[in-house]
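As given, the protein sequences belong to chains A and B, one line each in that order. Reading the first sequence from the start, the letters are residues 1 to 308 in our numbering. Reading the second sequence from the start, the letters are residues 1001 to 1306 in our numbering.
The hints are simulated quantities; they were obtained by calculation from the structure and are not laboratory data. Where hints are given, some of them may not hold.
Said to hold, decoys possible - Derived pair list, reagent style DMTMM-like, types lysine to aspartate or glutamate, alpha-carbon separation capped at 25 Å:
#1 B/Lys1041 to A/Asp57
#2 A/Lys124 to B/Glu1144
#3 A/Lys7 to B/Glu1039
#4 A/Lys73 to A/Asp57
#5 A/Lys58 to A/Asp75
#6 A/Lys69 to A/Glu44
#7 A/Lys7 to B/Asp1137
#8 A/Lys158 to A/Asp203
#9 A/Lys7 to A/Asp293
#10 B/Lys1038 to A/Asp57
#11 B/Lys1041 to A/Asp293
#12 A/Lys169 to A/Asp203
#13 B/Lys1194 to B/Asp1137
#14 A/Lys124 to B/Asp1294
#15 A/Lys124 to B/Asp1137
#16 A/Lys124 to A/Asp203
#17 A/Lys7 to B/Asp1298
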Amino acid sequence: MAQYILKRISYMILTLLVVIAMTFFLMRSIPGDPLASLARALPEQTKANFYAKYGLDKPLFQQYLIYMKNLLKGDLGESVVYAGRSVSETIIQTSPVSAAVGGLALIVGLIVGISLGIVAALYKNSWPDYLVMFIAILGITIPVFVLASLFQYFFSVKLGWLPTSGWGKPQHMVLPVIVLCFGTIATYARYIKSSMLEVLGQDYILTARAKGLSEFQVITRHVMRNSMLPAITILAGRIVGIFTGAFVVERMFSIPGIGFYYISSINNNDYSMTLGTTVFYAALFVVMQLIVDFVYMLVDPRIRLAGD
Amino acid sequence: MDNATNDSFVIVGPEISEAERIARPKVSYLQDVWRRFKENKMALVALIILMLLGFMVIFGPSISGYAFEEVDRTARNQFPSLKHWFGTDKLGRDMFARVCQGGRVSLIIGLAGAFISSVAGCLYGGISAYLGGKTDDIMMRIVEIIISVPYLIVVILLSVVLQSQGIFTLILAMTLTGWCSTARLVRGQVLQIKGQDYVLAAQALGVSPWRIITRHLIPNVLSVVLVSITFDIPGYIFSEAFLSYVGLGIQPPNTSWGALAAMAQTSFTFYPYQMFFPALMIALTMLSFTLLGDGLRDALDPRLRK
């Protein structure tokens, strides 16, 4: 067990190193250097100072070593476009906003998605099942930005119930959370339905019924516990889905989250900001995956035994 | 009963020509698949919708009589009418022609992306599983590392690096990591079948590993791959739509469904139809491919064979 955890953590660190190196050298391999467009109009001496400030006057490999050294200290450098804005500070300031919206969307999505999946499985081939599958298919087939536009149009413009965009009040979170959790609802409703139907066909369910357990007990004690297990494995994917969905949603609802800054840094050619945020995202995702795996291992005794 | 002698009985014996006759017409594998596929009405409808979409995308521009980049200043932001079936956009370009052109780009990206990543994934997964041992270990470790990076982050990064402007750089950016899941899938399947006798027979005959992988192993996992392709296509179309929204996708004057919907998003309140049609096309394509994939999976699954 301990050996398995150690192995996984060392793989994680290896992955992170590869990802950071890949991101760094990829960003630097962009034709022209990252400051070219900004430094074009500057006099020669200012230009040299400008490059020196971002450490771009040194050889590439040395730059990488310096970047790694600063990274260990938690310093991701300074924004190229907005002088004085530290990348690490921007991430620290904006990620709680994203985490609040994303976390809430994930929780709501999980609760609603799992409940809908259970309902669909229990009422298979009747109208609740069809309704749930219709919602699930809508969630999968409609791009997030279309969904967001529709919601903004109906709930803000037509009905005037909720603000179109902005940040600060609780009601600002309602629409983004609903839009964001749609994907999770859709994925989980489909997944839980099929996994429940599979469990319902197992022998141990027949045994439980033969023992004379009530249908309620069979469902809650035997079916749900077993069909919930595989659902944990797709959690990592959903967390990523929330993040990438947030790129669009944060921009459309003007939420000052990290996705908003990420996309604008790409559009502004803000080299250090894009690099720093990508590293942050990749690290977050790798760690999340590890946590999800560990949770799965704790919950499912079969995996625990196989890991030993 | 008494007068029944041996003479009363005649040995009929097997009628050679009758016994050899095949009672039912021969059903080939594909026919069998088609028969089961047909029973799934949803999948059949999906197939028809896809064929219609394909028809529209290929022949649409010539039917409507407008070029997709043709600007008409006198007809800006017009609502759908007999003249412009899907209306016009803010530059007076015919939306129907643009939706068709966008569909070409979106579908090419979806199909080519899924195809390229499947071929790469098949070869990689096949080689990894067949060779086994250390090679397999190293190859799968590489895949694990690539997979553990968020897909869209890699695509964004690659499109920034490649300065993606056209279809080809976009497809390249998306397939560069997209093949990994197929590779894993194929590897799992090949591991299952590589111990079978016909592989051993091929090995005994001295067939080279390359030929065994391409001639024996991959064709036998093709059904699984086919299903994963159908699910991959909408994934690529979706990713492209996302990238276009972010501003990293197809650049004007060329367009795609994602780019059209993203463009219409700013003026959605006033001209909802400009977003409605491309969004509808994306939704229809996604839906059809998902249903088609479901149908194919059931039809190709030998366990469900009657």
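Cross-check of the supplied hints:
1. B/Lys1041 to A/Asp57: Given pair B/Lys1041, A/Asp57 is violated - Cα atoms ~65 Å apart, limit 25 Å.
2. A/Lys124 to B/Glu1144: With a Cα-Cα distance of about 37 Å, the restraint between A/Lys124 and B/Glu1144 is violated, given a limit of 25 Å.
3. A/Lys7 to B/Glu1039: 49 Å, violated
4. A/Lys73 to A/Asp57: Status holds; Cα separation ~22 Å.
5. A/Lys58 to A/Asp75: 19 Å, holds
6. A/Lys69 to A/Glu44: Judged against 25 Å, a Cα distance of about 29 Å means the pair is violated.
7. A/Lys7 to B/Asp1137: 14 Å, holds
8. A/Lys158 to A/Asp203: Violated, because 53 Å separates the two Cα atoms, which is more than 25 Å.
9. A/Lys7 to A/Asp293: 13 Å, holds
10. B/Lys1038 to A/Asp57: 66 Å, violated
11. B/Lys1041 to A/Asp293: 39 Å, violated
12. A/Lys169 to A/Asp203: 52 Å, violated
13. B/Lys1194 to B/Asp1137: 17 Å, holds
14. A/Lys124 to B/Asp1294: Status holds; Cα separation ~17 Å.
15. A/Lys124 to B/Asp1137: 43 Å, violated
16. A/Lys124 to A/Asp203: 20 Å, holds
17. A/Lys7 to B/Asp1298: Violated. A/Lys7 to B/Asp1298 sits at ~38 Å, over the 25 Å cutoff.
Taken one by one, the earlier hints fail for this structure at numbers 1, 2, 3, 6, 8, 10, 11, 12, 15 and 17, listed in ascending order.
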